[in-house]
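Fit chain W to the supplied structure of chain R, relying on the hints for placement.
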Amino acid sequence: MIAILDYGSGNLRSAERAFQIAAEKVVVTQDPKVCREARALVVPGVGAFAACMDQLLSVGGAEIIAERVALARPIFGICVGMQIFFDSSSEKIQKTGLGILPGNISEITAPILPHMGWNTVSPAEDSKLFSGVENESFYFVHSYAAKDPVKSAANTISNYGEDFLAAVEKDFIVATQFHPEKSGAAGAKLISNWVESL
Amino acid sequence: MTLAKRIIPCLDVAGGRVVKGVNFKDLVDAGDPVELAKKYNLEGADELTFLDISASIEERATTLEIVRKTAEQVFIPLTVGGGIRSAENVNELLRAGADKVSINTAAISRPDLINEISDRFGNQVLVLSVDARRADTKSGFEVTTHGGRNSSGLDALAWIEEGILRGVGEILLNSMDADGTKSGFDIEMLKAVRKISSVPVIASGGAGKISDFAQAIEAGADAVLAASVFHFGEFTIADVKKDLAKHGFPIRA
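Read top to bottom, the protein sequences are chains R and W.
Per the working numbering, the first sequence starts with residue 1, numbered consecutively.
Per the working numbering, the second sequence starts with residue 1, numbered consecutively.
Here chain R stands alone, though its shape is the one from the complex (with noise of 0.2 Å):
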């Protein structure tokens, strides 16, 4: 079973209906025990980085999240959902994110904001959530992102004004900072190279 954390952000039905054709079962929940049994959990994430933080928080999203990396259990955070993974951002005030992922999210440098639509990306070699998937594009929707690349992580580069991470692999954590759920066919491959690899 899949759990998608509704914590009052993220289009939750799409993602719902997004991962329910590669899953068997997936639930759109804030029950902390269903969020910490699931075999694996999804963090969407829309709208101001702070504004996602505090509301995770509200429902006990930090600990949630938190004792499902201590026990090394799959997650999928989304848009938002990648960028709370990191230690802060600097999106309207500085704020401090769940630390997960080292580094810290900032505004892109480009003469026309928010990054909408459609971009390519440069998948990691050694991705896995990227295989089977070339030369696709993905619906991106951002002002802010990861700049730097994670050690010792699969990193996906995208590039708008300057290079930043469209998404990473790190051992049981998974990111993207477009919406696959949003992206068409080559968002659906996507999710379902994740599943497959739960």
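Quick caveat, the hints were computed from the structure, so don't treat them as lab data.
Because the structure is a prediction, the values reported are computed rather than measured.
Backbone N, C-alpha and C fix where the C-beta goes; we use that ideal spot for every residue, glycine too.
A couple of the hints might just be wrong.
Unchecked claim - Computed from the model, here is a short list of chain W residues facing chain R with C-beta under 7 Å: (1) Pro77; (2) Phe121; (3) Gly122.
Same frame as chain R, now just chain W:
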């Protein structure tokens, strides 16, 4: 790695059906919105826009259901516009599966609505739809309401700058002068808006032939929205993309 220029078909929805007509007149049934959304998705649409033109509250509830059904079956971004009056309306739409919402008249009558939506959901969910035409204002363009029938008294460029400051993440620029003419997008207005906009600009109004799309992008549009040329089957989204690629513009294959 290059961001693709987006092609966005727009579906006018009333009472649970897609309708088509010219300037909201002579509406004819154009089919089931979910089926049309699937068809445009297969043809390569980069996003879909639903414009709710329902007259009654009952019909609006039906529109919410359509958003729900579409989001269940079509995995590309979905923008919904029409009749949004509050952040709570936005919440309902996002919960139903919309990714973005577009606001127009309600933002003109109460600009704080922009801040309220953007503060709660982020600027990336909010598209400011601007129906503009030539007029004797500072920039030479004014904002209209009611599909171009009434003047709002606002200068179009000043309004767009205010919208961006208040927190919109994208501009949907509808040219009331070009709308329905099929003589091409409003290049002059697009260039003027591109110059002052720090957020993506979607060009709308005036599409008649395939080559019009490349001209809009050349003028600075990040995305192009069209309705009737696609609904009436004059050409397909794939045809447009092929032409854009020929002109060297990045597209999603």
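Status of the hints after comparison with the structure:
no., hint, in the structure
1, Pro77, "5 Å, holds"
2, Phe121, "5 Å, holds"
3, Gly122, "4 Å, holds"
Every hint from the earlier list agrees with this structure, and none is contradicted.
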